[in-house]
Amino acid sequence: MEKSDDDIIVCRCEDVTLGEIREKIREGLTTTEELKRVLRVGMGPCRGKTCIPIVRRELSRMLSIPIEDVLPPKDRPPVVMVKFKSILEGSEK
Amino acid sequence: MNFDVGIIGGGVVGCAIAYNLARLGEKDVVVFEKQYPGAGSTGRCGAGVRQQWGLEMNCRLARGSVKIFEQLSSELGVDIEFRQGGYLVLAHTEKQLEQFERNVSLQNSLGIPSRVITVEEALEIVPYLNPEVFIAATFCPTDGHANPLLTNYAYAKAAERLGVKIMKFTEVTGVERLNGVFRLRTNRGDFEVGCLVNAAGGYSKPVAAMVGVDLPTYSERHQILVTAPVPRMFDCMVISFTSGIYVQQVPHGSFVLGIAEDEEPGYNTNSSWQFLEHVAREVTSILPVFGELSVVRQWAGLYNKTPDSQPILGEVLPGFFVAVGFSGHGFMIAPKTAEIMAKLILGIKPDIDISPLSLDRFEKGELIVEPSVVG
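Protein chains in written order, with our numbering: chain F, 1 to 93; chain X, 1 to 375.
Chain F on its own, in the form it takes in the complex (with noise of 0.2 Å):
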């Protein structure tokens, strides 16, 4: 099963595969946090609303951590893109 769906995308923004997670997992990787500075999973501009839910599926069922337990990577601003001009923009108002 686990096989098959390897080449499965799962965060879109930067291109990572579910199997590159597992292989990281296998590896020693045992947060989002650590997985997101290893594969960039996350790090797109969706803010990882897609792939963190699969990666925080994929830690529970692998390393058998309730997913209550496996925490989404820290939040950071801003909530969304937001061009340089624009912000010179709103600090001049």
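There are no misleading hints in this set.
Taking lysine to aspartate or glutamate and the EDC-like style, the derived pairs with C-alpha atoms no more than 16 Å apart in a straight line are:
{"no.": "1", "chain 1": "F", "residue 1": "K85", "chain 2": "X", "residue 2": "E277"}
{"no.": "2", "chain 1": "F", "residue 1": "K24", "chain 2": "X", "residue 2": "D79"}
{"no.": "3", "chain 1": "X", "residue 1": "K205", "chain 2": "X", "residue 2": "E171"}
For the record, the hints were derived by calculation from the structure and aren't laboratory data.
Got chain F sorted already, so can you dock chain X onto it with the hints?
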């Protein structure tokens, strides 16, 4: 559990010292990391690798580190995304230009191929620069950048392959010195180590205090951000020591940029909207086209500073070593520094004399003032 060497801190410095110890034959090494490798300052840094310094010691450590970075991906077995697109340092005033000319002479004498360039030459390298805001620049084509997250990870994995034990989520909470060994209390039990290394980055001072050593280090927040990826615009890092800004497009296509700000000493790593406004103003002043780029994410990390913004390296008590206080340029000199630290621990004479960076320089008043630091 007993180990020959215990290292507190799993950032690039701690993991690289562990790797070098193992490579030199000392494999009975444990790294204590209170979170995971790269969780602290390494994983939050600006990624630049610069050899353009104003002091011989920094030039030598940086030059030695670049030589290591050049083959580190193959040595460690992970692509750490090292790219040598150069560093372009903007000179805004005649006084700054005079200092840069002195720096370039020193750098050239040490084998670093930097040179002073005109505004026109700078515009050939980075056509987007605003020619109104600088009078000349220096450029070193072999400077560059590497991915700090992958570099830290690669050192940790390579160290583990050689037999080093890396203890994640293990915080050292107390240290006792007894009969020539260090007994460490952690949230995962007690350990005894023959030698202890403080590579705790932002937390160097409280870690040293547990061993009874008072370090003149302190931490301060530095903020940074990343933009959405765009097609390749330029290959070099652009920096200014006047505003303290640095701007670099990484292989991913995004730009990573930060700026020096006035900060109180402390452990705050929150992000602020004032930083966004500050960066937006300064970056669009030197690179007007950046108004169209979008910020995806901002974060912050700690500079571990010393009174002269230079690291403290060496043995401060019998068996207790420190590699701390890198003051914002630890990542770029980590490869060579870690090799030297490993040799010191094993009693092998290193090829660079780092005694000017010892702790007692502060008591003797022999501070080494580097003219070319950001923030």
